[in-house]
Amino acid sequence: MDHLKEVVKNRVLGNPVRLGIMLFLLPRGKVPFGDFIPILNITPGNLDSHLRTLERERYVTIKKMLLDRPRTVVKITDFGSVETRMYIRNLHKALDEV
Amino acid sequence: MEEVPNLRKVLDRVENKLIASGKVYVAMSFVFWMIIMLLYFLIFPNVKLPLWATAVYWGVGIVIYLWFSSIIFRYYRRLRAPLNRKVFRRTGIFIGLSWAIGGFVGMGIIPDLSVGINSITMFSIGYLSFISISVFGEWLTFRGSDLEMIPAIVIPAVGIPIALYLSNSGTNPFFWAVLVVSLAFSSTILSYLYSAFKLIR
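From first to last, the protein sequence lines stand for chains A and B. Each residue of the first sequence is one higher than the one before, starting from 1 at the first, in our numbering. Each residue of the second sequence is one higher than the one before, starting from 1 at the first, in our numbering.
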């Protein structure tokens, strides 16, 4: 049951929207703010709130970048990628235990 | 309890997509080296350029390749590197070290050996050794998990004795070595793409 405990303990990724954000970011590295909205089907305000939580917990960094126009870009950190992959692994193992 | 198998299926799909993305990124790094190598043979045999231009071409080519690889590597590490944080940080150092050792042995030591073989053949053998040793080191860094890399290790290694044989046959051994590396890298790229598509099918 250790894996299940690890899964429950992670309050950051326990939220499905934040897990969705991290899974969308993992293969891409960095994603403009607006690209999350149609994928996750949430409001910009709600997305901003979840991104601030992820930034506070060092899972992502948020920066203004000049792409086609100045845009807010969300970038995954090394810490965030390791934690997300660990979370998926623990969830998988917890399901095996169940 | 029907949710458990369903959730497991979703997790499997997520994990497979992440692994597949990593494999496509590695394939891209092999493609990039092939572009640099083949572009040389498109330009240089047809245009009379001094020897220093060849040296500049390869110097700039290697720098651009390293820059491109470092970008690819950041993506790859995020998706595939071991989850132990210390090992995760050291992965880049080990890969850099394997290419440095391969470069030192293949491009530094072997071409300078005086064993009675002409310099262009020794340079070709050195180039094949450089690729084989470096990719082998990279393969070891990932604990031998990427079997797709094996053609890029074995084919150049098998090419070394044949390059020695070719030294007396009139064939340009460096041109031949580049074809061997192209074959090796093409096989590796095909293996990576096949594995990636198999995972997401």
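By construction, these hints were calculated from the structure, which means they are not laboratory data. Be aware that a few hints might be false.
To be verified - With a straight-line cut-off of 35 Å between C-alpha atoms, the simulated DSBU-like cross-links for lysine-lysine are:
(1) K9/B to K30/A
(2) K63/A to K48/B
(3) K48/B to K93/A
(4) K75/A to K9/A
(5) K64/A to K48/B
(6) K5/A to K48/B
(7) K17/B to K93/A
(8) K9/A to K48/B
(9) K93/A to K198/B
(10) K48/B to K30/A
(11) K5/A to K198/B
(12) K9/A to K9/B
(13) K48/B to K75/A
To be verified - Where chain A lies over chain B, by a calculated footprint (3+ residues, C-beta under 8 Å):
(14) 2-9
(15) 13-19
Each residue gets a CB set at the ideal place from its N, CA and C atoms; glycine is no exception.
For the pair supplied as a hint, K5/A and K48/B, is the alpha-carbon distance within the 35 Å limit?
-> Since the Cα atoms of K5/A and K48/B sit roughly 69 Å apart, the hinted pair is violated (cutoff 35 Å).
Measure nothing beyond the straight line between the CA atoms of K5/A and K198/B; if it is 35 Å or shorter, mark the hint as holding.
-> 33 Å, holds
Proposed proximity, K30/A with K9/B (alpha carbon, max 35 Å) = 27 Å, holds
Is K93/A close enough to K198/B, meaning Cα to Cα at most 35 Å?
-> 23 Å, holds
Given the hint that K75/A pairs with K9/A, does the C-alpha gap stay at or below 35 Å?
-> With Cα atoms ~24 Å apart, K75/A and K9/A stay inside 35 Å; holds.
Would you check chain A against the region 13-19 of chain B, counting CB to CB pairs closer than 8 Å, and say if three or more residues qualify?
-> holds (count 4)
Is it true that the CA of K48/B sits at most 35 Å from the CA of K93/A?
-> Violated, at about 62 Å.
Between K17/B and K93/A, is the straight-line Cα distance small enough, at 35 Å or below?
-> This hinted pair holds, its Cα atoms lying about 18 Å apart.
Mind checking the alpha carbons of K48/B and K30/A for me, to see if they're no more than 35 Å apart?
-> 44 Å, violated
Sort out whether K75/A lies within 35 Å of K48/B, counting only the CA atoms.
-> 47 Å, violated
Given hint K48/B paired with K63/A - CA-CA distance at most 35 Å = 49 Å, violated
If you draw a straight line from the CA of K9/A to the CA of K48/B, is it 35 Å or shorter?
-> Answer violated: K9/A to K48/B is near 67 Å, above 35 Å.
Checked against the numbered hints above, the structure breaks hints 2, 3, 5, 6, 8, 10 and 13 and satisfies the rest.
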